[in-house]
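**Q** Spelled out from the first residue to the last, the chains are:
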Amino acid sequence: MLSRRDFLKLVVKGAVLGNFYQLIAPSLAQAVAAGEVKKLPVVMIETGTCTGDSISLDNIWTPTFSDILSNIADWRYDWSMNQAQGNAAYRILQETYEKMPNEYILIVQGSMIQRDEGHYNHVAYDKGKLITGLELVRRTGLKAKYVVAIGSCATYGGPVSGYPNPSKATGVQNILPERKVINISGCPAHPDWIMGTLLHLALYGEPELEKFGRPKLFYGETVHNQCPRRRDYDQGIFATDIGQKECLFRVGCKGPVTYADCPIRRWNDRFNWPIGCNTPCIGCTEPGFPDLMSPFTVHSPDIPFPGGTKASTNSIGLGVLGLTSVAIVGHIATSLYKGRIQKNLLKSSVKGKHRFAVKKVKTFHQYRVKKE
Amino acid sequence: MTILEKKTIFPVTRIHNPMLLEAWLEDGEIKDAFISDTLYRGFEQILLGRSAMDMPYYTQRICGICSSAHAITASLAVEQALGMYVPPNGLLVRNLILASDFIQNHIRHLYLYTMPDYFRGPDIAPFIPHSESDLRLSSKENTLMTEHYFRSLEVSRAAHAAFAVFGGKAPHGHGIVPGGASMEVDADRVNRYRGYLMEIMSFIDDVVLPDVTLIKERYPEYVNLGKGVGNYMSVGGFPSPEGSTLFPQGVILQGKRESFNEKQVTEDVTSAWYKPHGPLHPMEEDTVPDHNQSKGYTWVKSPRYRGQPVEVGPLARAIIAKEEVIGLGALARTWARSLELKKIAETALKWLNRLEPGSETYDGRKGQDSGVGIGLHEAMRGTLGHWISVKNGRVDHYQIITPSAVNFGARDETGTRSVGETSLLGLKIKSEDLKEAGRVIRSFDPCFSCSVHIIDGEKLHALNIQV
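Chains as they are written, first to last, in the working numbering: chain A, 193 to 564; chain B, 333 to 799.
If you're looking for bench data, these hints aren't it; they were derived computationally from the structure.
One or more hints might be untrue.
What the hints assert, rightly or not - The calculated lysine-lysine pairs, modelled on BS3-like cross-linking and capped at a C-alpha distance of 30 angstroms, are: (1) B:K363 x A:K321; (2) B:K698 x A:K437; (3) A:K319 x B:K363.
Could you put the whole structure together from the sequences, leaning on the hints where they help?
**A** Written out as structure tokens, the structure reads:
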């Protein structure tokens with residue numbers, strides 16, 4: 193069987209070459225044949241979601257979905273795919289968590305709707321009683337082998353949790369503090385990120401996670417650092433409007449604060465991606481998306497830095513060659529690390545009295561976005 | 333008083349987001365039906381105060397399977413509000429993005445959501461447990477259908493790849509912005525799109541149309557089972573640079589054809605969980621969730637055209653366009669959807685040939701900072717409308733009417749049922765699991781992601797239904 197180290201190499205190689213699964217398939221087939229790995233029992237619960245992550249997963253190029261269903265995963269409960277309906281469908285879920293505790297992987301798609309104790313989101317009938325998404329995720333989550341949250345909504349609340357958050361939506365980790373949740377963020381999450389993590393779980397167990405609970409192999413580097421337009425940024429060549437070929441920083445690009453491998457992995461048959469489409473990255477993989485990242489397409493006029501300094505995006509555009517750029521990049525890096533830039537971006541961009549911050553809380557992943 | 337038997341399906345699977353169906357039966361026949369959406373997210377409230385230019389991106393997050401339709405409709409609304417202009421090339425690129433999303437949605441809906449009602453899948457999850465009742469295909473046909481099921485996944489994936497050629501990524505693309513499309517046009521991209529389109533078109537001709545014909549032959553009664561209310565609406569869509577649209581605009585009320593007037597659209601919240609008010613035009617109404625609204629049973633508002641429920645979707649579009657339809661029931665909807673698929677793919681090829689490499693696709697100039705705009709466009713499931721008011725570049729008012737709300741809204745103040753609830757009346761149920769009702773519901777391609785809703789179990793049962 194492949195060693196974990198080799199697997200990680202193949203993931204990176206697969207991102208570049210676009211044949212991630214073909215690289216892994218032979219050794220995976222071997223491992224399955226040798227009985228080293230079992231077909232992954234998977235249940236997917238959809239809560240406050242747009243189903244975008246299911247659709248994104250359907251877009252997976254390698255492996256194909258027929259591969260996944262026949263060779264990799266035992267895709268047990270997923271209400272957008274189950275043939276049975278009503279109680280017959282719900283019974284599969286019930287059987288899984290009663291008879292296979294600590295064996296199955298729970299995938300949660302969609303934010304946890306907390307308003308009115310979760311009664312704004314019912315997902316099934318259990319013994320004649322309506323049960324909420326919140327309750328179901330807690331019940332199945334506590335017995336699962338791994339809990340995987342996919343998409344911005346399930347990881348950190350996502351667009352549904354945007355101000356004023358009428359449904360009191362939040363991420364899965366916040367309602368399952370006793371479990372470590374593996375976060376695969378993104379709006380939607382890239383199919384490779386989801387499948388890559390599932391394969392890693394099947395073959396080697398838990399992948400290495402960064403501070404927001406995301407697998408480092410996909411979220412280890414910022415979009416900015418791998419961006420093909422990085423050279424323009426360094427030389428101070430900026431686009432003034434959407435649709436131009438230069439660096440989109442001044443049109444609101446959140447690449448510098450967004451961790452994802454979009455620039456090398458790319459989307460849908462690996463041809464294009466948001467910046468390749470001449471539009472700014474909107475930071476959909478980050479905690480605090482969308483509030484900390486909006487406005488998406490207009491950069492806030494000033495970036496307030498710690499210590500009272502304000503740098504206007506114009507000055508970044510004019511004189512970034514040399515020291516200034518180093519200083520600003522340095523500032524961004526520090527601010528980013530400490531969560532300041534998100535706070536500042538938001539302060540200057542969202543109207544109203546509400547303010548957001550990244551707050552330390554006691555869960556497995558240290559930082560949560562918290563409304564003050 | 334007859335005693336009715338209550339049967340409930342929850343969750344109704346193979347649709348987007350939770351749907352609860354409560355059917356009241358007498359001697360195996362559905363006499364009354366309630367359809368509820370049990371999820372509330374409140375997008376209309378979240379959008380307030382945000383930058384108007386962000387609306388195409390933010391509203392896409394309402395629905396993951398028809399994201400580009402929301403993007404286009406929001407762009408249309410913002411463009412009208414801020415006085416923006418779309419270059420002809422931009423219009424065509426936007427049409428191409430939406431066309432590929434239509435193709436993706438129709439293929440996925442057909443195979444992933446509709447077909448499993450009519451064939452027996454392989455013995456692997458998620459097909460097990462099988463729904464065994466009323467299966468009429470031979471084992472050879474079942475195998476073939478399973479093969480097509482998996483192939484459809486690859487073809488719809490190719491459709492999304494075509495989306496990404498001009499849209500950046502799919503779902504939740506980036507290419508559609510107020511003022512046009514952000515992606516420039518060059519030969520490489522045109523060829524790439526064409527490549528995907530060719531694969532899709534041969535799949536439509538060789539697989540989709542024969543499969544739908546087979547199902548229609550084996551289940552002939554479903555062509556007319558599950559009729560709607562007889563009213564149909566389409567607001568048109570896919571404008572060409574000359575001003576004509578691929579889908580014509582129009583309304584049919586009680587058999588009488590008339591032109592569409594945006595002023596006649598209202599939303600009623602009598603039976604939905606909102607602060608009660610009379611029927612209001614989307615420009616005037618608000619969205620205030622009210623959990624204690626005693627008559628409520630769902631969080632879908634009830635959109636009406638001149639006070640009447642109307643059906644929207646591919647079948648309605650075909651009727652409005654005076655195209656031939658095979659009936660008005662469940663499989664007639666599926667049939668209309670598959671023909672529309674072919675029509676859109678063929679037209680996309682024409683648009684592709686009209687693209688001018690190198691000429692502009694985007695114009696960022698704005699006429700003003702504040703204004704009012706209405707975006708109306710046909711989405712995959714039917715009419716989609718965005719009503720926006722912008723003040724100093726920020727959203728001041730935002731209301732959305734989605735196709736699934738039009739088809740599956742709550743009862744209005746006169747107690748009139750929505751199209752979806754009406755279509756179930758009189759349906760004879762033979763199967764244990766209400767499969768027949770599922771077939772009819774899924775033919776509408778319901779998607780409750782877009783509606784904003786909740787249900788309270790206790791209150792629902794307290795509803796006094798006497799026949």
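**Q** Look at each hint and say if it fits the structure.
**A** To see whether the hints hold, each was checked on the structure:
no.	hint	result
1	B:K363 x A:K321	holds, 24 angstroms
2	B:K698 x A:K437	holds, 21 angstroms
3	A:K319 x B:K363	holds, 25 angstroms
Every hint from the earlier list agrees with this structure, and none is contradicted.
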